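Enquirer: In case you want the letters, here they are:
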Amino acid sequence: MGVVLDGLVLGLQLALLSVGIVFVYGLGGVLNLAHGQVAVLGGLATALMLQARQHPVLSGVVGVLAAGLAALLLDRSLLQAAYRRRGEERLLLALILTLGASFALDGLFTLRFPNVALSLRLTNPSVEVLGVTVRTASLAVGALSLATFGLLLAFLKGTRLGKAVRCIIQNEAGALLCGVDVEQARTVTLFASGALAGVAALGQGFFSYLGPDMGPEFTILSLIVAVVGGVRSLAGTFLASLLLGVVNAALSYWVGTYLTWIALLAVAVATLLVRPEGLLAYWP
Amino acid sequence: MLEVRDLWAGYGDMAVVRGVNLQVRKGEATAVLGPNGAGKTTLFRAVVGLVRPVRGSVRFEGQSLEGRRAHEVVRQGIAYVAAERELFPQLTVLENLELGAYARPDGFRERLQAVFDLFPRLAERRWQRAGTLSGGEQQMLAIARALMGQPRLLLLDEPSTGLAPRLVAELYRRLDVLRQQGVTILLAEQQVGAALALCARAYVLKDGRVVFEGFSGELRGSSHLHAAYLGGV
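Which chain is which? The protein sequence lines are A and B, in order.
Per this note's numbering, the first sequence starts with residue 1, numbered consecutively.
Per this note's numbering, the second sequence starts with residue 1, numbered consecutively.
Source of the hints: derived by calculation from the structure; they are not laboratory data.
For clarity, every value in this text was computed on a predicted model and none was experimentally measured.
One or more hints might be untrue.
Derived list of chain A stretches under chain B, where covered just means 3 residues or more per stretch with a C-beta under 8 Å from a C-beta of chain B [unchecked claim]:
1) 155-164
2) 227-235
Pulled from the structure, derived: some chain B residues nowhere near chain A, Cβ distances all over 10 Å [claimed, not checked]:
3) R18
4) P35
5) R52
6) V54
7) R109
8) L118
9) R125
10) G162
11) L171
12) L178
Pair by pair, the computed Cβ-Cβ distance ranges are [to be verified]:
13) A/A263 x B/R174: 51 to 59 Å
14) A/F103 x B/G135: 44 to 52 Å
15) B/R69 x A/L265: 38 to 46 Å
For every residue, glycine included, the Cβ atom is placed at its ideal position computed from N, Cα and C.
When you get a sec, could you build the whole thing from the sequences and use the hints?
Expert: Right under this line is the structure:
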């Protein structure tokens, strides 16, 4: 029971991380291989704020904002060269550019902040809920993730700009012809993609710790989730995250961490073979 | 209402539209005719800001549209129904229409009712996803979505593409109703007969240049159309 709950919470974390990949792909047709580093940047910013004895909530907010700005900056600088090209050329150039950015950021983080890590310890390590002992961190991260998703859904379904974002992902030309300011929607969405990754980084800090070298791991995890869920599907990404979160937690618990990566990749490969468009190809 | 002067536009180094002059008068339907590759679509895309003109000017209601981006042109009162229709296939008919009113959310209900009166079929299918509609219904939805933005000028690019003759006739009856309601229409077509019946004036484009302009009646009897489609001038 505890393992399933941990898995679901981990799944929510993965969802926060992967939604950004889906947004960037949906809006620009590129895969951002530096997405994990954006999350780490947010986590490190929070850790540095905490070291400077700032209020924990303020530190968290600054971290999330920093990740959002980093994602936006990456898009406005490096990826502009890719956006000038179309189709496969754009995808490949963006892969190389963001891979380069990920190496550069990794190097920067590990050289400049080798000993900075984000670890958010709660006063009570566990509580009992309905007779089951549950880690407080799981509850906190679950609540944080659900609240974040609530906000995201309210934005996408309830606001004009949110609806515009959904329709740009389906058909950018159609959105322009409806009078949607695509540039404005892109700016907001890219910021959101980074900020969500920043929230995921905070969650990691609650769970165990977040170190400066964890960017590649985050990127790969979110790519796997996006592939399994469907790179243009938010609902699919959410479902895939929960599924892979539970698989990950169960395997780590019963088999050992070394096999979980192989298992996750196997799920991704199986999805590509059976349902190449992802679990839910498009989001409603 | 719309005045295009010496417009040059294209993709990369290739000019597809070469020095086009064109005028659309308020309340009138005007046709742009010509074979595939004559530059009709590029001309329309340049007018609405999807393609940046290399030279020349486009004025709408006396104001220059130079440098305006597509969404700004739409907000100014020009709607463009592309040949590809550009619908949101995963959204319902109603959601597509809602997005059509994105730039003008006020008076949504009245306009929705007006659009449903014009295309009753869409009212029946309002909860259906746009991608599951038939070709004719999708075309009607594309026009209806454009009308939701309350345009004063409606640009239609090849609205009859892919439709059976019976549906083309029905579509043009609806366009005639729209024209009578006072919507100004600029129409690109390969189906010459239907277009000339609707439009008072017509332009014939060939290789990116206007080779004829005048009243539809004159064009019917002239050799220009024949020449544009079959070669020679």
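Enquirer: Could you work out which earlier hints the structure fails to respect and list their numbers in ascending sequence?
Expert: As far as the earlier hints go, only 2 is violated by this structure.
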